[in-house]
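All chains should be modelled from the sequences, with the hints used to inform the complete structure.
Line by line, the protein sequences are chains Y and H. Taking my numbering as reference, the numbering of the first sequence is continuous, increasing by one, and the terminal residue is 182. Taking my numbering as reference, the numbering of the second sequence is continuous, increasing by one, and the terminal residue is 301.
Keep in mind that the hints are not guaranteed to be accurate.
Here's a subset of chain H near chain Y, in silico, CB distances under 10 Å, partners left out [as the list claims (entries may be wrong)]:
id : residue
1  : Thr21
2  : Phe189
3  : Ala195
4  : Asn202
No farther apart than 30 Å at their CA atoms in a straight line, the calculated lysine-lysine pairs in the DSBU-like style are these [what the hints assert, rightly or not]:
id : chain 1 : residue 1 : chain 2 : residue 2
5  : Y       : Lys125    : H       : Lys229
6  : H       : Lys186    : Y       : Lys107
7  : H       : Lys229    : H       : Lys104
By construction, these hints were calculated from the structure, which means they are not laboratory data. No residue lacks a Cβ here, since even glycine has one placed at the ideal position from N, Cα and C.
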Amino acid sequence: MVRIKERYLLVNIVYPPDATKISKARVPGLVAHHQPTVEKLTPQALVRAIRAEVSLLYGDYGAGALEGNLSVKYLSLATSTFILRCNRAHYQLLWSALTFMDRVPVKDGRPCIFRVVRVSGTIRKIEEVAVERARKLILAAKAEASAHPQSSLSTNILGTKEDAMLDVMDNAMSDEDMEDGS
Amino acid sequence: MLYDLNIAWSPATTTERLLQTLTTASSLGYATVALNHTLELPFPANPTTPFPSLPASSSSPDSKLPHVLHRATLPLADPAASNYRLPSLVGVYDLLAIRPLTEKAFQNACLTLDIPIISLDMAQHFPFYFRPKPCMAAVSRGVRFEICYSQALAADPRGRANFISNATNLIRATRGRGIILSSEAKNAFGLRAPADVVNLFNVWGLQSEKAMEGLRTIPRSVVVNEGMKRDGFRGVINIVQVVKKNPVEGDQTDDQSSATDQPGKRKNQKRKNGGEDAQPISKREAKKMKLAARAAASEKK
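As structure tokens, this is what we get:
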């Protein structure tokens, strides 16, 4: 028997902070972008919202493609992270639907950005990446908070941006790095 | 280095909102963004830069800002009325883009106009096709097409359908070459992470490598070219860095290398010349010349 191939998507919810609020609260920018989700978001509500978005964008075809194989494997409100599982053939469809979503799917949800951080074929890798990212985020936030307010030492550890980006892309594009040595 | 060459800006945009957008762009991974000012048609006689001066990133450590460029977009309806005062605009903005509204303007922008970016409002219906010929001509001329994904995110279902139709048509016409992906985000929520954008355009038929190029190399080439045009010598040469003189060692090594080089060169030349000469000269003539040379030498002695 051939097993069913799947894709796991690690998704981060990013909240662009209010500039006025930041300057009052003096929160490091990194922390402000990665706020916890304060709404009572449940996995069921999330799945329902994603299904609705997919069927809005892709109609019955999309709804059928994700029927029965879309599920939320993990949802952490504190870190605003969740892991989705879906069929390998249709993960791009799910991803693009997430790109089009613009607010937390509860009543009066805040506007936000759903950012897919990693796509993988096994949940173990995804889990490792999630743990790693959370740890780096904490370290970076600590560093930023303890840094002297005047110095721009913000060692943006999360912002090893190129790498994060490359990780997400499934295909090997390592030779791309050569060109942007500006 | 990731680029987003279009962040919508108008004089009504408040600085807080702009800062919010910029910090979000930075946290999503964009290293360089361009603030876009869409000009109205009677362009000002002597334009001045309208952008607010942003606080340097050193003064506000908790909000990291990307590198900011200034860009103007000119809506163009009628190519005949071509009093655009381009040279005066070039001095004020880092980048210029054009937004053709009619087919004639589009053709003109593709084929003749000296503006590096063609930006289209794709959420509306165009009464014309994107034909491969002018599009490819534009790409080979160095003009790039810009697709702004935020137009699709903000549009109603009809507008979204238009956007997808236009985008796929343009991708088909250019075969995915010379396309810049940017956001045209009016606020921070119109931005998306680069990987999301790449996936979105992959769904619409743009290969992911080309989409990555549209976020990295192509906008970079436009920015660098435009910078060169503005502060390089005659738009061609730019002094990037001057190597410091290292007098003693440099000279010695130079001498040595030249000393070892030159005999080799000479030998080569000789051989080459000899070879070339020997071909047309027949054996008999060569003998004659040899004899003559010997005679001359003996006479001298």
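Hint-by-hint comparison with the structure:
no., hint, result
1, Thr21, "8 Å, holds"
2, Phe189, "5 Å, holds"
3, Ala195, "4 Å, holds"
4, Asn202, "6 Å, holds"
5, Lys125/Y / Lys229/H, "47 Å, violated"
6, Lys186/H / Lys107/Y, "24 Å, holds"
7, Lys229/H / Lys104/H, "27 Å, holds"
Hint compliance for this structure: hint 5 alone is broken.
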